[in-house]
Structures are given as C-alpha cells and as structure tokens.
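Starting from the given sequences, assemble the full structure and let the hints guide the process.
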Amino acid sequence: MKARIPKNINGGGAQNMNQMIKQAQKMQDQITELQEDIEGREFSATAGGGAVEVTITGKKTIKSLTLKPEVVDPEDIDMLQDLIISAVNEAINNVETTTEAEMSKITGGVSLPGLF
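Read in order, the letters of the sequence shown correspond to residues 83 to 198 in the numbering used here.
Just so you know, these hints were derived from the structure itself, not from any lab. None of these values were measured; they are calculated from a predicted model.
Quick list of in silico lysine to aspartate or glutamate cross-link-like pairs, EDC-like style, CA-CA up to 16 Å:
no., residue 1, residue 2
1, 142, 121
2, 141, 178
3, 150, 164
4, 145, 135
5, 141, 121
6, 145, 172
7, 141, 115
8, 141, 124
9, 142, 124
10, 142, 119
11, 187, 119
12, 187, 115
13, 141, 119
14, 142, 182
15, 142, 178
16, 187, 111
17, 142, 172
18, 150, 135
19, 145, 121
20, 141, 118
21, 141, 172
22, 141, 182
23, 142, 118
24, 145, 124
Okay, the calculated beta carbon distance ranges per label pair:
no., residue 1, residue 2, range
25, 139, 107, 24 to 30 Å
26, 154, 104, 56 to 62 Å
27, 164, 123, 24 to 30 Å
All residues carry an ideal CB built from backbone N, CA and C; glycine is no exception.
As structure tokens, then:
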C-alpha cells in the first residue's frame, strides 16, 4: 500500500507564510505606534483624598507633584512620604493598565511578554 501525499501539501504554503509575515509586520507597526503614543501621554493619580497629586509620562517619569499645604506636617513626614509613594505607584499602575488594555486590542488578547 502506497502512502498518499495530499495535493496541497506545498501548494499555497509560501503564500500563507507571506501572509503571516505581513500580518506580523502590521502588528509590529501597530505596537510601535501604540508605544510611541503611550510614551507621549500623561497619567495622573492622587492620594490622601487629593492631598497629593502626581502626573507622570507614559515613560514613567514624574512630570509634576502637587501637595496641598495641609498635608505638609513636619511632625508626620512618614505620612507624607506614604502618600507620595501611593500616588506615584497608582500613576504607574495607570500607565501599565492602559498599555495592557490597548495592547490587547492589537494582539487579540494574546500576551506578548517583554514588549512594554
């Protein structure tokens, strides 16, 4: 008995591969565009009921930090430090959450670790 080789084993293979390469390139271009867009955005967060507000860029660098006078207590520096840390961490989380959500739209929900 002779094994049969399917008729389309090589037919269209190169064409399908070219299509996949084009799709991958398009996705890469969209990811690069998204990354540039995110890096150009600003993300803000507050802590202590708005007593501390921080704004960071999509590159996760601090652009501004605002403290309400009533939160500045020389007797309680620890609280002020905690509020600043909390606001900065929340702003960073906002960048990451936004990036993941928008990346998911491009990749169809497939996780691509290490892109951002």
